[in-house]
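Trainee: If you want the building blocks of each chain, they are given just below.
There are 2 protein chains.
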Amino acid sequence: MLKTRFTELMGIEHPIVQGGMQWVARAELAAGVSNGGGLGIMTALTQPTPDDLIKEVARCRTMTDKPFGVNLTILPSLRPIPHKEYAQAIIDSGVKIVETAGNNPGEFIDMFKAAGIKVVHKCTAVRHALTAQRLGVDAISIDGFECAGHVGEDDITNQILIPLAVDALDIPVIGSGGFGEGRQLAAALALGAEGVNMGTRFMATKEAPIHDKVKQRLVDAGERDSLLIMRALRNTSRVFRNEVAEEVARIEKEKGLNFKIEDVAHLVAGARGRHVYDDGDSEQGMWSAGMVAGVIHDVPSCKELIERIVSDAEAVIKGRLQSLVA
Amino acid sequence: MLKTRFTELMGIEHPIVQGGMQWVARAELAAGVSNGGGLGIMTALTQPTPDDLIKEVARCRTMTDKPFGVNLTILPSLRPIPHKEYAQAIIDSGVKIVETAGNNPGEFIDMFKAAGIKVVHKCTAVRHALTAQRLGVDAISIDGFECAGHVGEDDITNQILIPLAVDALDIPVIGSGGFGEGRQLAAALALGAEGVNMGTRFMATKEAPIHDKVKQRLVDAGERDSLLIMRALRNTSRVFRNEVAEEVARIEKEKGLNFKIEDVAHLVAGARGRHVYDDGDSEQGMWSAGMVAGVIHDVPSCKELIERIVSDAEAVIKGRLQSLVA
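Residue numbers (this note's numbering), protein chains in the order written: chain X, 1390 to 1715; chain W, 1390 to 1715.
It is worth saying that the hints were derived from the structure and are not from the lab. Don't take each hint at face value.
[Said to hold, decoys possible] Lysine to aspartate or glutamate pairs mimicking EDC-like chemistry, simulated, CA-CA at most 16 Å apart:
1. W:Lys1642 with X:Glu1643
2. X:Lys1644 with W:Glu1632
3. X:Lys1642 with W:Glu1643
4. X:Lys1649 with W:Glu1643
5. W:Lys1707 with X:Glu1643
6. X:Lys1644 with W:Glu1641
7. X:Lys1642 with W:Glu1641
Could you build the full structure based on these sequences and the hints that come with them?
Mentor: Next up, the structure:
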């Protein structure tokens, strides 16, 4: 048992959160994680409509009676997204924990707090975390350079970011990005975090509703199998390193400051995550995956994974670290 | 007291090494660190000739009777560097610990081992660490993305790199890059490291033989005040973020794949570290500094710094971490 301010706040057994991942974080995964004693999170925008989200929350509730949450990510998008309707659907669904991410979440934080919902805000910089704290969120999930997907533009790693965030904030901080095993959880706790958020690691679990071929790619991958794209647009994203991603990165380098999204539209269009995850075309499309791939060696159940990580972290704390100070 | 395989191997009190830094790692700093119970390291190539190195080692010996080492970095250079003569000078000086870094250290490792010298090899990738272990080095200092100076091209952070290195190697591993405080030392030990290497942090100490203005810049700086340059040349370096560095980075981005060192020669020539460190022109030149600047808040003596870090790490291990598992 690892009891922290975050486990107490959320009423969960273990200080491990499953991050909201577009197309991946559906009811099966969230329920698997919550049943394993962690905090499962579904992604609102994976559902085509707010009504579908309400149904998905209800479906998750048939699979677990433990706390779980919903992620609402606010990012600029080509197609207009009715964020406010999704936020209302989250409230109507009766969910009591929300993970916000992206830009200007203030309006939505107000809505959630008024509905008695606990809010974890995910961000990549201490200054954004301070803003979120001022807006009234209950905890911060701080995303280091290690993370998959939107990594921000600062490139600060968890080793630096976590202690700085902990010192700057009063509310609990959990570390996010690159986490997948017990030593890392112990390290995060040493740095002052009250738990960790894991995304990519939970993709390689039995419950993750994605193709087995993608899970196997993560098992086979090493720590060097992710790369950053879209930096030139200040919309940097960490994706799995395959031929498509390498080609996007190459074009971006070649164009330098003149790079435009149109330069890679032929590679990106129709090739984003959903098709990869559903069809297993992990070599054909662009999909988010973090540096943590280097420490992913198997595809356990969520419960097995969570219990192993917590048990390994406890062993590090009670065994190795104690023996060093003895 | 934190006793590890590394402290035992090197015969030092605390698991903290001061990394070899060109122009900075002179006798004063190495002696200060070793007198503080850490492992001080002088940089061979900071000395203009191999003979000067022998004199500098002798000078260091007048300041401390504790173990200290010499760094030998093998990198391509415009002016030819007599690495072999420096290596022989290290042996002749009677120093018993060497830190190697850079490319193809095999020949030098053989020389040092034949002379009964303990060798720590610093590198940025697990595959390079495995090669060094096969070549017979005694320990690895693995350099994460956080580090100042030559950061490599893989961009793997310590959170991932340390556990992977520890799992892959039999010899002791110390973590390097971004370290500057006690929670981070505790975290490194949790990840499996047997200690940490600190470079930039030791620049902001009383003993560091550099201008006070540079030390103050590090105290004032935040975690975002470093940036990477020379990536296009696959010779990536993390330097302090000032106007010169920003301009180099801007030109590099603008040129993209066509970037050549000649494009920034007017900015780099005569503006590298030595003048910055000696004259305090921290805004005028290019100088190495890591992400750790964000956690540097004062200019203590080496001994004060080392004892504070170890004491804070012990407090984390015996206090916070124990209470979480209780």
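Trainee: A separate judgement is required for each hint: does it hold in the structure or not?
Mentor: Hints, one by one, checked against the model:
1. W:Lys1642 with X:Glu1643: Holds: lysine 1642 of chain W and glutamate 1643 of chain X sit about 9 Å apart, inside 16 Å.
2. X:Lys1644 with W:Glu1632: violated, 24 Å
3. X:Lys1642 with W:Glu1643: At roughly 9 Å apart (the allowed maximum being 16 Å), glutamate 1643 of chain W and lysine 1642 of chain X satisfy the hint.
4. X:Lys1649 with W:Glu1643: holds, 13 Å
5. W:Lys1707 with X:Glu1643: Distance of about 52 Å is beyond 16 Å: violated.
6. X:Lys1644 with W:Glu1641: holds, 11 Å
7. X:Lys1642 with W:Glu1641: Judged against 16 Å, a Cα distance of about 10 Å means the pair holds.
Checked against the numbered hints above, the structure violates hints 2, 5; every other hint is satisfied.
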